[in-house]
Amino acid sequence: MSKGSRGILEGLNINSKKDKNLDSKEFKNLGSEELSIKRSYSLKPSTVKKLQELKIFIYDDPNITFNEIVDEAICLLYENKKEK
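Its first residue numbered 609, the sequence shown is counted upward by one per residue in our numbering.
Treat the hints as calculated values from the structure; they're not laboratory data.
A virtual CB, placed ideally from N, CA and C, is assigned to each residue, including glycine.
There could be a bad hint or two in this list.
Unchecked claim - Lysine-lysine pairs mimicking DSSO-like chemistry, simulated, CA-CA at most 27 Å apart:
#1 K652 x K663
#2 K690 x K658
#3 K652 x K689
#4 K657 x K646
#5 K658 x K692
#6 K646 x K658
#7 K663 x K646
#8 K646 x K690
Unchecked claim - Distance windows between CB atoms, simulated:
#9 K689 x K658: 28 to 38 Å
#10 K692 x P670: 33 to 43 Å
#11 T673 x P653: 19 to 29 Å
#12 N671 x K692: 28 to 38 Å
#13 E691 x P670: 25 to 35 Å
#14 C683 x V656: 32 to 42 Å
#15 I677 x S644: 10 to 20 Å
Could you put the whole structure together from the sequences, leaning on the hints where they help?
See the structure below:
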């Protein structure tokens, strides 16, 4: 975002550890698999905004991580494409 445009989500700090449990492990158990592989991807600003909006406005769990949202989205897309 440019300095001139201020959105409702501008103050959101993606790297904030404020809401994270200090005793939590680096690897969070999702179902039966651990998050053990780290990858880096470049996203469009509009995609990051959508991800932030999903976390804030759509999910009821305030402790859900971006990793969980992205993992769920990829699994749903995979199943959808596989069925076609």
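Inset, instruction - Taking the numbered hints from earlier one at a time, note which ones the structure violates and give those numbers from smallest to largest. - result: Violated: hints 9, 14.
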